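Visitor: Chain by chain, the residues:
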Amino acid sequence: MTGTYMPESPNNTTFREQLNLAQHAAMEADKSMLSFGLGISDPKAIFGTTANLAESFGSHRVFDMPTSENAMTGIGIGAAIAGSRVLMTHQRMDFFLLAMDQLVNNAAKWHYMFNGQMKVPLTIRLIVGRGWGQGPTHAQNLQSWFAHVPGLKVVVPSKTDAVASQLYSAIMDDNPVIFIEHRWLHEQQCGSTSVLPLQSPHESVRVHRQGADCTIVANSFMVLEALIAADFLQHRGINVEVVETVSLEQSEWQKIYDSVEKTGRLLVCDSAHGHFSVASEVVSSVTEQCFKALTEAPRRLCLPPYPEPTSYYLTKPFYRNANDIVAAVAEMMGVKVAGGIELDVSTPHDVPGNWFKGPF
Amino acid sequence: MNKLLAYYHDVLRIRLIEEAIATRYSDQQMRCPTHLSIGQEAAAVGVSRSLRVTDNVYSSHRAHAHYLAKGGSLKALIAELYGKQDGCTGGRGGSMHLTDLDAGFIASTAIVGNSIPLAVGNALHQQVQRLDHITVTYFGDGATEEGSFYEAANFAALKQLPVLFVCENNRFSVYSPMTVRQPSGRSIVELSRAIGLRAEEVDGNDVEAVHKASETLVDKVRKGEGPALLECHTYRHREHCGPNFDDQLGYRAPEEVEQWMQRDPVTQLHNKLVSAGVDESRLVLLKQQIEDEIYEAFAFAKASSTPNPDYNDRYLYA
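These protein sequence lines map, in sequence, to chains A and B. For the record, in the first sequence the residue sitting at position 160 is 160 according to the numbering used here, with numbers rising by one throughout. Convert by adding 1000 to the 1-based position in the second sequence; the result is the number in the numbering used here.
Treat the hints as calculated values from the structure; they're not laboratory data. These numbers were taken from a predicted model, which means no experiment stands behind them. Idealized CB from N, CA, C, for every residue including glycine. Possibly wrong hints are sitting among the right ones.
In silico DSS-like links for lysine-lysine, alpha-carbon gap of 25 Å or less [to be verified]: (1) Lys1075(B) with Lys119(A); (2) Lys1287(B) with Lys31(A); (3) Lys1075(B) with Lys1302(B); (4) Lys1003(B) with Lys1287(B); (5) Lys1075(B) with Lys1220(B); (6) Lys1075(B) with Lys1159(B); (7) Lys316(A) with Lys255(A); (8) Lys1075(B) with Lys44(A); (9) Lys262(A) with Lys316(A).
A few chain B positions that, by computed beta-carbon distances, are all more than 10 Å from chain A [unchecked claim]: (10) Met1001; (11) Tyr1058; (12) Thr1109; (13) Leu1124; (14) Leu1249; (15) Arg1314.
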């Protein structure tokens, strides 16, 4: 995936390095910050993202934890209410489900329920797996669950240039923030000089590419697929606009509506199941706001409504990629897209690139 | 003698407040689920007398006694039950979500076992920040069946956090007795010791005994000797939720109820004071003073303005 993973260069930085850098900067900036999670100070350091934090800031501030997701989330919330700034990390979102009581009944509602008297400066990093047999319980992106709960903020990064500032602002936010990382993004690179400053204002909707023919709204790994598809389509004379919903809140959705007003077409790419999804929310909001501008029925490109199977042979039709995006756009445009050029999609289908040798 | 009188004042005050709520509940003006502490006042008073204002408390659904004993504002409590602007959360939380930060009562929450980890997190903050304060977490026997109790106790023991777990064992989870919830012979104290808590049990209706036991444990917790648990055996006089007696349902043996009623903390203290020679008229005066305070609190709550629903979306985010 050369479009996604640039050739290695000493001038490049990775998504993983940027996440690590943001955590170091935050720990440095706020002496009351604590950071904990299963495995954060083990030799693999959450795919390298938490490397050297315990060494730099001490085991009283950065520590591995008991296998107790629910109570540890409550402990994080309690410490945050008391005045600590807390970052928690889970290697897989699936394990975090044990903590939904603490998240939904306490963290999300605390400021509201106690009439603004207390706040919960807590960020929870959740990593979504994919492929290499991750299977039904290691590959779920349940972003719409979190987005549904008032009082939570949900940030779903996709690009190396912005991820450090996105994590930094999540940590420094005085509200509970769910920060959802796709595992296939960790080795994504960008030129060091294009990295946004840590304290850049948070953009909840980013327009990556302008185009007048069709609006593609995507987040997480699907942004990368959309950009590959956009390149391909451009060579065929079709110009798509690629819009990323970095945060799952609607304050900046006017950017999406403006885009659809211009293109009249909407394709939403979701890295989760399609039913009752973020994609559904985008489609319904756009339909409400831009009904007259739409020249085609909006479309969703999402995971099918069954769990990710484990076997290599079963997962081939499970995920959507740039090919599917190209086909959907062509259909909406009513054109045939001539073949000939090999689309730059993952091969084999269950790894993000040759660098990935499993198992996680 | 003065000590006994002080206990009596605190226990009776909570009793009279709860009875006043029960009496007025049928007016349909306090429209929120309310779990009264009647019968269980001594545990809260005994523990609170071992605490400083700067110590913090978390509690559960049956929190009125814990809130009041820690010094939580009576007016703000009653106004909260009436859903008024001057309620401790301005009508956002009701009886099950109390707070009085000035008094060190951080919060009570409604989901069983849910506030125990919060209290342990509060203690983690106190330890990391090297504060000389401790945290108390109150919960019932039912909460010891929740994973959050084990998980939080394990972490508290692991980090030797300054937290005192107080389990008020009133023998029922709503209507379910211990016999359908925990194996026979189970001891919450022994179980807690196995997890690594310094654990003791006490007659939870004997305020002096609770005070003595909690003082010893609080002292060790404050010195950094690790977390502790105090199990207070006690009994709920009225229904799980609401103002009424519910013994007509037949879920508790009449002999058992009778036995516990004889061990009522208010009656016990009253009898002790009388046999110690305190003049009955002094006790009547004390009761009158409390009743005046309660009357004032209800008048305050009723006069408080109603909160404005136009601001319902306020405080969604800090």
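Visitor: Taking the hints in turn, state whether each one holds.
Guide: Evaluated hints:
1. For the proposed pair Lys1075(B) and Lys119(A), the alpha carbon gap of about 24 Å is at most 25 Å, so the pair holds.
2. Distance restraint check for Lys1287(B) and Lys31(A): the Cα-Cα separation of roughly 50 Å exceeds the 25 Å cut-off, and the hinted pair is therefore not satisfied.
3. Under the criterion of a C-alpha separation no larger than 25 Å, the hint pairing Lys1075(B) with Lys1302(B) is consistent with the structure, at around 10 Å.
4. For the hint pairing Lys1003(B) with Lys1287(B), the CA-to-CA distance comes to about 17 Å; that is within 25 Å, so the pair holds.
5. Of the supplied pair hints, the one linking Lys1075(B) and Lys1220(B) is violated, its CA atoms being roughly 34 Å apart against a limit of 25 Å.
6. Annotation: proposed proximity of Lys1075(B) to Lys1159(B) is violated, straight-line Cα distance about 38 Å (limit 25 Å).
7. Our distance criterion of 25 Å between C-alpha atoms is broken by Lys316(A) and Lys255(A), whose separation comes to about 34 Å.
8. Proximity of Lys1075(B) to Lys44(A) is assessed by CA-CA distance (about 55 Å); at most 25 Å being required, the pair is judged violated.
9. For the given pair, Lys262(A) sits about 35 Å from Lys316(A) by alpha-carbon distance, which is inconsistent with the 25 Å threshold.
10. Look at Met1001(B): its CB is around 39 Å from the nearest CB on chain A, clear of 10 Å, so calling it non-interface holds up.
11. With a cut of 10 Å on Cβ distances, Tyr1058(B) falls inside the contact zone with chain A, its closest approach being about 8 Å.
12. Not every C-beta of chain A lies more than 10 Å from that of Thr1109(B), the closest at about 7 Å, which undercuts listing it as non-interface.
13. The non-interface label for Leu1124(B) is inconsistent with chain A: the shortest C-beta to C-beta separation is roughly 5 Å, within 10 Å.
14. Under the 10 Å C-beta cut-off, the non-interface status given to Leu1249(B) relative to chain A holds; the minimum distance is some 29 Å.
15. Not every Cβ of chain A is farther than 10 Å from the Cβ of Arg1314(B); the closest lies at roughly 7 Å, contradicting the non-interface assignment.
Going through the hint list in order, the structure does not satisfy hints 2, 5, 6, 7, 8, 9, 11, 12, 13 and 15.
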